[in-house]
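Please build the complete structure, drawing on both the sequences and the hints.
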Amino acid sequence: MASQNASLAADSMIGEESLGVTNGKLGMWAFLVMDAMTFAGLLAGYARLRWTPGSDWPLPIEAFGFTGIQLTALNTFILICSSVSMVHVLAEQMRGNMERAKKWMLFTIFGGLVFLGIQGFEWTHLIMDMWPYLFDEGYEAAYSVNFAATFFILTGFHGMHVSVGVIYNVIIYLGLRSGKITKDDTSVVEIAGLYWHFVDLVWILVFTFVYLI
Amino acid sequence: MEIKAKGYLSPLTEEAKTSLWVYLKEWACTTDAKRIGIMYLLFATFMAIWGGILSVIIRLELAQHGPDLIMDASFYNALPGMHATAMIFFFIIPAFTGVANFVVPIQIGAPDMAFPKLNNAAFWILPPAAILTFAGFFMNSLPEFGWTAYPPLSNSVYSPIWGADFWVIGLILVGVSSTLGAVNFLATVFNMRCKGMKLFQLPLFTWAMTVTSFLILAATPVLTSALLMLTFERMFPGVFYFFNPAGGGDPILYQHLFWFYSHPAVYIMILPGFGMVSEVIQVFSRKHIFGYVLMVWSMIAIAVLGFLVWAHHMFATGIALEIRVGFMFLTMLIAVPTGIKIFSWLATMWGGSIKFDTPMLFATAFLGMFTIGGLSGVVVAAVPVDIQLHDTYYVVAHIHYVLVAGSLMTAFAGVYFWFPKFTGRFYNELLGKVHFWLTAIFINVTFFIQHWLGMKGMPRRYYDYDPSFELANLISSVGSVVLFLAQFIFIANMIWSWRNGKVAEDNAWKDGFTLEWQITSPPDHHNFHHEPYWKPLIRQHVGPDQPGGLWHRYDD
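These protein sequence lines map, in sequence, to chains A and B.
Under the numbering used here, read the first sequence as residues 1 to 213, first letter to last.
Under the numbering used here, read the second sequence as residues 1001 to 1556, first letter to last.
Check before you lean on any hint, since a few could be wrong.
Label pairs and their calculated CB-CB ranges [unchecked claim]:
| # | chain 1 | residue 1 | chain 2 | residue 2 | range |
| --- | --- | --- | --- | --- | --- |
| 1 | A | Leu174 | B | Trp1496 | 39 to 47 Å |
| 2 | B | Pro1067 | A | Leu59 | 55 to 63 Å |
| 3 | B | His1530 | A | Phe77 | 54 to 62 Å |
| 4 | B | His1526 | A | Asp184 | 55 to 63 Å |
Footprint (simulated), chain A over chain B, 3 or more residues, beta carbon under 8 Å [said to hold, decoys possible]:
| # | region |
| --- | --- |
| 5 | 1189 to 1203 |
| 6 | 1249 to 1263 |
Listed below are the simulated DSBU-like cross-link pairs for lysine-lysine, each with C-alpha atoms no more than 30 Å apart in a straight line [claimed, not checked]:
| # | chain 1 | residue 1 | chain 2 | residue 2 |
| --- | --- | --- | --- | --- |
| 7 | B | Lys1117 | A | Lys102 |
| 8 | B | Lys1502 | B | Lys1017 |
| 9 | B | Lys1433 | B | Lys1456 |
| 10 | B | Lys1117 | B | Lys1006 |
| 11 | A | Lys183 | A | Lys103 |
| 12 | B | Lys1117 | A | Lys25 |
| 13 | A | Lys25 | B | Lys1535 |
| 14 | B | Lys1117 | A | Lys183 |
| 15 | B | Lys1004 | B | Lys1502 |
| 16 | A | Lys25 | B | Lys1017 |
| 17 | B | Lys1535 | A | Lys180 |
| 18 | A | Lys25 | B | Lys1198 |
Hints in this document: simulated from the structure, not taken from any laboratory.
Virtual Cβ for every residue (Gly too), placed ideally from N, Cα, C.
Written out as structure tokens, the structure reads:
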């Protein structure tokens, strides 16, 4: 029995009993499926509330104003850029150029923070100037109140993901800086990248639904 | 005191050998899937007693017509929802997760789960979630909207109570816990199988947990999204009108999202049971499962179809007839893969050399009684019949035949079956049989007559009923009390046998062929002493003298 065991052990059978990726990567993919379904639930709710007869839904371009959409388009661009720089982190790490990897990581974090800042500015503007009925009963909503409600829950839930992503990236950056993440630990950075790209991808959907259509 | 235990139960450090406190801390912080599994089972047992107490209060109130036990109708209104929440989210799902934590890594030949720390975290989310969910009991503000929490009843106008907010947050936390568990199971099953363990060699219980994990992963977050929207609507009443028509919202939207989760949830609660029964019937019939591949594909079919039938819970809401007919058709279609499974189990037993130990008794009784639940499901799937039976006791009878005669009985089969592996000792067979007969008989006494009550028009969740229903309700109430008390035989049996039972061998049932029966009882930390391998089984049905000398795949 022992010899049979040894011969079996000698056979490389990878690809049959495992998917050939790290547990972490598989776990992150599974987590992202779950996260995508949460967004799907919220987006389904959005679709149902908007495309229903008599929903009194404004055209986003009129409700946000032209500058609002332009600002958010810029914001989208910034988020995509920070996704690109995340790719560079991994690429530089694989080349063993840790100094450059760290710089790209800083750039990624910076992109996420700018995104959050612009979104914070936008929320403040919308709450204070566009939708005063939210906190003052003297005003009346000009269109369906669910326009603002779905806006808040979708962009807010996404913004929470960006915040978590920034914290995640800061942790990775600290690991890179202290040398705990070496050039061989590419899977750690790759998994963080998966999450960051997912957050980016979801934003494209949210942006399309909430601002463009 | 000195702690003596074997295998994974033995203390890890010298300190823990002498101090119970250190030993318990070792358990609380453990990353060993077996210990986490046992903690899940203990937690589930406590919650089952809690949910059972609530159900007995309901039944005692309904034993006679008119208010008698509970004078406060609003307290009664809260009970069905609290009972359902306790049983579904805090008993059945954690109980199956517990058994799976113990068994799945061993069945696939892995030393542990893929993410042991995450596993521990997923468990420890549960107790705080339970406290939040049932916080209404301590604060005298119980949510009265049932476990479905339909708005507008559950919004801030009709349920302006803190207990309801805590309940919603508690449920979101349970969802987080079970999705983390699902992520863990999927990574474990897809990445940590031992040599030779290809996907279509997996034991059926592991397959069941894999399919269940996919269901959890895709369905639970949708409930989370619905509950998030509900929370915001409750917290900021002037701003969010997702489900409130006064602000352009749609109460039916909540029901769609809710049932998009909660219909798959019934498969989350039964598929692991199917897997357990598959293991039990093979070992106690001493035959391999009939139609293994079809058993796997029918589970996958049930899971896929399970996502396409949610609106059959909403036939009475006025959605378009064409949609209802489509959902009716798809719902009835689920009876096909389920039927395949039932007949495959029967065919496995056919011509087998059957031993009727307690796990097998539970498994066989499950076959018959679950079939009743399945058939009444086909009845209520028909739109015109459902319009009549909607929200009556017929639905209560149906769901209890599926969840009590289904999930609970299979969980008992599984726990009795693996008890020798959990503890290294056998349970008391006589007590097990007494427990089985009382349970099997009194499930029928309690729930069968509720079919009739529902047909006659007794609504569910009501505090009182027409005097003509009194006798039937009395029978049901007596049945429920005996059923509840009988479960303490099980608990006593487990506690007593843990220390005093007959010592079990490695292959406790002699005919176990999956990997967990090839290692010590109880298993050691990290399960295997050296890397196991699986000599692939030929799963064709060729009779009792199958080729390949079935039983030994791992030598110590």
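Hint-by-hint comparison with the structure:
no.: 1; hint: Leu174(A) to Trp1496(B): 39 to 47 Å; verdict: violated, 53 Å
no.: 2; hint: Pro1067(B) to Leu59(A): 55 to 63 Å; verdict: holds, 56 Å
no.: 3; hint: His1530(B) to Phe77(A): 54 to 62 Å; verdict: holds, 55 Å
no.: 4; hint: His1526(B) to Asp184(A): 55 to 63 Å; verdict: violated, 26 Å
no.: 5; hint: 1189 to 1203; verdict: holds (count 9)
no.: 6; hint: 1249 to 1263; verdict: holds (count 6)
no.: 7; hint: Lys1117(B) to Lys102(A); verdict: holds, 28 Å
no.: 8; hint: Lys1502(B) to Lys1017(B); verdict: holds, 24 Å
no.: 9; hint: Lys1433(B) to Lys1456(B); verdict: violated, 35 Å
no.: 10; hint: Lys1117(B) to Lys1006(B); verdict: holds, 23 Å
no.: 11; hint: Lys183(A) to Lys103(A); verdict: holds, 15 Å
no.: 12; hint: Lys1117(B) to Lys25(A); verdict: holds, 16 Å
no.: 13; hint: Lys25(A) to Lys1535(B); verdict: holds, 29 Å
no.: 14; hint: Lys1117(B) to Lys183(A); verdict: holds, 25 Å
no.: 15; hint: Lys1004(B) to Lys1502(B); verdict: holds, 17 Å
no.: 16; hint: Lys25(A) to Lys1017(B); verdict: violated, 38 Å
no.: 17; hint: Lys1535(B) to Lys180(A); verdict: violated, 41 Å
no.: 18; hint: Lys25(A) to Lys1198(B); verdict: holds, 21 Å
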